[in-house]
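Undergrad: Protein chains in written order, with our numbering: chain Y, 6 to 412; chain C, 130 to 435; chain F, 7 to 262.
Worth flagging that the hints you see were computed from the coordinates, not collected in a lab. Treat each hint with caution, since some may be false.
Claimed, not checked - Below, in silico cross-link-like pairs of lysine-lysine (DSSO-like), each with a Cα-Cα straight-line distance of 30 angstroms or less:
#1 Y:K365 / Y:K160
#2 C:K152 / F:K15
#3 F:K15 / C:K343
The structure displayed is predicted, hence computed values, not measured ones.
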Amino acid sequence: MSEADVGRRGFLKIAFAGATALAVGSALGYFAREGEVSTLRSENEALKKKVEELSSSLGVEVPTETQKNLNVYNWTWYANLALVDQWAKENNVNLVYEFFEDLDTAITTVTTGAANYDIVVISDNEAQELWNEGYLQSIDLDKIPNFEYLPEGFKGLPYDPNNEFTVVYSYGTTGLGYNSDACPEGVSKWEDVFDVDNPDSIIRRYAGKVTMMRDSSETMGAAAIYLGYDIDTTDENELKNIADLLIAQKPYLYGYVQTEDYMDELPVAARYCISHAWNGDVAGIVYASDEYEVYIEKYYETVKYVVPEEGAIAWYDNFVIPKNAKNVDVAHEFINWFLQPEVSAIHTITIKYPYPAGIKYVPKEILEDPMIFTPEELWDKLHIGRALTPEEKAIRESYWNMVMTAT
Amino acid sequence: MSHRREPWYITILDRIRSSRRIKVFLLVFLPFIYLIIFFFAPFIIALMYSLGMFKQVVYEFVFQPQISLEYYYRLFQYPGVLVAIQRSFYYAILTTVGTFLLSYPVAYYLGVKLPDKYQEMVVLVLFTPFWVNFLLRIYGMRFIFHELGFLNMILTTLGIVNDPIKILGTDTAVILVMIYTYVILMILPIYGVLEKLDKELLEAAATLGASPVKTFLKVTLPLSVPGILAGSLLVFIPAVGEFVIPELVGGANTVTLGTVIYNFFLRVKGTMGWGLGSAAGLIYIGLILVLSYLYIRLVGGEIRLG
Amino acid sequence: MKITDLILKIYTVFFLAVIYLPIAILIFFSFNESRSKIVFTGFTLENYYSLISNYAVWDSFYNSIWTAIVVTVVSVFLGIMISYGVTRYEFKGKNMLDILMLIPIIIPEIVEALTLLVFLIILGIRLSPYTVIIGHIAFDISFAYIVIKARMAGYDPQFEEAARTLGANEIQTFTKVTLPILMPGIVSAALIAFLQSYDDFIKTFFTRPPGFTTLPVYIWNMASRRGFALDLNALATFIVVISIVFAYVRLKVERW
């Protein structure tokens, strides 16, 4: 080997330096971690000691409590994480709380069985499909006394009339959000974003400043409503018209984006100002909400949400317990805890999605915000999805693919 | 007690020492079994999957003794698949060419022109950014390309454009970020070759009256070809399989083969998704293997790393 | 002549500046007090405090490091074994083996990761940190093999023969003669293996169990959530500053 191999040696040197840096970092990380764990441990220890003293003075034998585990899989921005952490600490639960950003991924994760989650939050028709195919366990309502706090309208919903496998988590609508600073005219109906033939329509005048969702059922559903079809149509002619409409709309769109993208963008509206969006997300923007802290002042008042005049998709999200869940009892405990009215209310105030069990503790200004709690009179024009068979899904998927790959 | 019995392990060691076969088995094939189990076997499973030999029934995978080409047939009925394949190669080719054009002058300057005493310093400066996790760097690129970001700020202040231009979500963003991510893999081998060039050779060419341009074209460039070839292979192969970058800075029109495979596996439920995904993955591997084979045959050299 | 040199020099400096730009921007925004990650509104150190107290970041940092260390040790060990066998002995199928060892490097990682996932699921192996390690070793063996083999092929086996004629047994020869000569190759193989594992996102992402995050997975999860970004920027600053300091110290203290 030639000693003039500076390139290699230089590279090695940098590599070595980097490795040392990482080692130091990890050492720091390790200590930070140990510190956290040991404080936790000492807290627990103190508590345990107290209980033991108390019980021994009473002459009672306390069973030594074993560490409980719980794996939860939920949407991002969908719970007050400080509260959830606190619950885990108080109940000595080793909680793994993981997030997903799109429902399809969540569903395949459940169906492959690669990862064991004990609770998954999934929407109405998807839950029904999974139940029909045998991927879910039944939920034992006897272990969830707080179920009674759910208002009547949220028990026995059409997709699960006897609450065999679901407990309602939240609900809402899919409509249009916009920034009224950047788009002063606003939007009020699907026509505004779909009528691409009319040069005076909003979509033509705000070309490149509109987004649709990356979620196929939502975007195809919106087009179906505009065309007057059933949102879950599997008729090939209707699907073709939907695909054609979406392909015609595509050149005028900024793109198909995910939740976190429009939640960042709508407040500043530098890239686009009209988004196909979920109600609670837009509410979250308006209140600049956080997953840990409670803000109830409106922060970005220029961001607005509408349920389009032609109608919209409504949905319910639910707790479900997958068949391969390992900690079923703790899962029931968690659901029961979540349904306590105070707990649900705090989640609503934090995240700005409605959690039905807590309605009576929610402050008036939030309860009356039509962005968060969908007003009664709108329900006539809202549509709820139905469970599809795998074949029906495949047909819809192929048309969606056509849209996604059109240029 | 005429013969002292040796402990059992010595006997075994002796046996091993005396047999070449056992040595080769222990040294080479035992570790290689690891790769067979955890690398090659999964591909066999994927192949079986793509031929419809598994069926999923609620967490159970039932083996079916059959061979059907249904998934391959279906795959090409998806209009997106061919477009995605084309696009993957388009990105990879542009990335390879782009990294080469942008990095050759730098590698040339560092390898040929820069005095030796600065070499280590400059190499250090060149590599430090690449210690930061690549996702963080891509994330930094998002700050730059954003409509309110650094690039548009400069462009609008200088009056080159009136309104911020849209970069995120387009092919341009994907290609630029890919070039940024892979450029180091191109510089490294070219620099390695140029740095070892005999400087006296270049001087000799100059004293013999060759113009600098001619020296470069006739001597330096041909001599750096091995580095260029190694670099392009190092860039092209991961680039054609890229899935993270289109996902993070691309949009609806930047679907690559990597994304398609990901979508089949993770967004289409049940046996069908995995069947289609495995089929797409194997076609992909086939393409890559054929290309690398042709490349190696054509070049005749070996790939060198480190 | 001089002009072209000057142009080259300016271009190189410009190139380096561009390479540093995204990181500079990350560092710049790490001092931003705004809740938006796009617009700079004011200076603060709060992101650094929240980074220090962010348990999840350090936990994933720790996971990244320990898995990478295990992966490096195992794959370098196996890499040494295979490359020693291949360069010192003749056997059938050697060329085939040489080509097969290249394949893990050539195959796109996304395909590799997903087929491994399917394989694990079909065998009913539950995902754990060990499945992540298993996946990483599978591609790191090849990197270690190629680097060490290059070094091994580059020196004269006469040293070994000399040692043996002087009465050293095979193991003594290996530890006293071969290993020291191979050391630079082993070190660079270890570094490459470590970096590959430490920076790996795709394979980790698909083979990890719930609740086990490495740094890249953590960054991926956080990058797709709003409002969080600024902690990550502080983390980038941290990594850059430490590696620059150490690189500089090494350069000053020791020349090798």
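Undergrad: So, for every hint listed, does it hold in this structure?
TA: Hint-by-hint comparison with the structure:
Note on Y:K365 and Y:K160: the hinted pairing holds, with a Cα-Cα distance of about 17 angstroms set against a maximum of 30 angstroms. Restraint check for C:K152 and F:K15: the C-alpha separation of about 54 angstroms exceeds 30 angstroms, so the hint is violated. Between F:K15 and C:K343 the CA atoms are separated by roughly 20 angstroms; this keeps the pair inside 30 angstroms, and the hint holds.
Taken one by one, the earlier hints fail for this structure only at number 2.
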